[in-house]
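Each protein sequence line maps, in turn, to chains A and B.
To convert, note that position 226 of the first sequence is 226 in my numbering; the numbers rise steadily by one, no gaps.
To convert, note that position 103 of the second sequence is 103 in my numbering; the numbers rise steadily by one, no gaps.
In short, the hints are calculated from the structure, not lab data.
Every clue listed holds true.
SDA-like mimics (lysine to any residue), calculated; alpha carbons at most 25 Å apart, straight line:
id, chain 1, residue 1, chain 2, residue 2
1, B, Lys-82, A, Leu-56
2, A, Lys-81, A, Glu-160
3, B, Lys-82, A, Met-111
4, B, Lys-126, A, Thr-65
5, A, Lys-43, A, Lys-118
6, B, Lys-82, A, His-31
7, A, Lys-135, B, Leu-46
8, A, Lys-81, B, Leu-46
9, A, Lys-135, B, Gly-39
10, A, Lys-81, B, Val-48
11, A, Lys-81, B, Leu-58
12, A, Lys-118, B, His-19
13, A, Lys-43, B, Ala-67
14, A, Lys-81, B, Leu-60
15, B, Lys-82, A, Leu-55
16, A, Lys-143, B, Val-42
17, A, Lys-135, B, Ser-64
18, A, Lys-143, A, Glu-73
19, A, Lys-43, B, Asn-81
Just a few of them, taken from the derived set where beta-carbon distance is under 8 Å, the chain B residues facing chain A:
id, residue
20, Val-22
21, Leu-27
22, Leu-34
23, Leu-35
24, Thr-41
25, Asp-52
26, Phe-98
27, Ile-106
Idealized CB from N, CA, C, for every residue including glycine.
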Amino acid sequence: MSSNTPQSGEGFAPAVDPSLPPWQRHKHQPHWRNNDDEYQGAKLGMWLFLTTELLLFSGMFCAYTIFRMLHSEDFERASHKYLDWEIGAINTVVLLISSFTVALAIRNAQMNQQRALKINLFITILCGLFFLFAKIFYEYIPKIQEGKVPGANFSYAGAESAYDPLFMSIYWVSTAIHGSHVVIGVGLLAWCLWVASKRRYGPTHYTSLENVGLFWHLVDLIWIFLFPLLYLVG
Amino acid sequence: MSAHDTQHGGADDHGSHGHHVVSWQFLFGILVLLLILTGLTVYTALEVYLGDTGNLLLALFIASFKAALVVGFFMHLHWDNKFNAVALLFCLLAGVTFIGFTAIDIGSRHMVDPKRAEMMTPEVVKQARERAIAEGRLEPDNDDSANQNESPPE
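Could you build all of it, start to finish, from the sequences and the hints given here?
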């Protein structure tokens, strides 16, 4: 399948056979020995980036830990009072399905199933957009209208404790930074779909698809923790 | 992988690099398991009462198991270069240290000085003050004596 992939040892590229499908024409950058080293190096770089992302979110989980320990009763009450676990649960299911479809898309690239690759990427994008739609129109906008906003701007008349704004601060910061990752992830997936439409992903080359997939799984991973901590156990 | 010879553009050139292809049935099984565990998280949080900390720990335990499924199988770490797994484990170690030591600090301030426990929840403050008064480290004030004179069942 990959026997005709052009390889060069010293960064000297032989002419690429234009009759090959686009994914076989991928030529690694001259500072790599071969396509596989380039793939492994890019993936290690992606994993290192993901660790910094986890540490970014661990700061928010640390703030959650501190304030939940200090005001556990207020947090539990605020969680049930301000957040609707059903929306959170639906969004969890949607993100899990999208993680599954992006894993399928990588499998499709490995198997050279070009049509299924595009369909699975498209479903993943739709799931991401659904997540954002539910988040914005069923959570963020109603909360803003009722004054359930973070910190000093909190103006909801039904607040029962001085710590309600604190809970909302943690909710807004962690879910909005997570949401911004969903926005970026959807953009990256759309770019992958465009690349896939050019048939540039295939069994011997799908590096950027793999790395965008890793990023998308990270978004899912963070939500796996945010959902129970914010919506369920308060 | 390190001694890969670029001269060999053979048919197995890309088949031997750990590009592990997972069957869709296996991936679908992981998805079903993740959805069942999500249902379990919701059910236990809403219907099973194990106390504040008990419910929190159970939810965290299930979430960690789900995260392990995603990382291991959806993100292919189970079949991947082990160096990537080492990078992730060191990050998790840093995160656990960061959050764990903060929690130990917040949770043990009343043991050092009951006066500093005023940041804590009322029950913890009350217990800490009672213990300090019993050990003669703290003078009771009006609130403490009021609490002590009341008989528990009201």
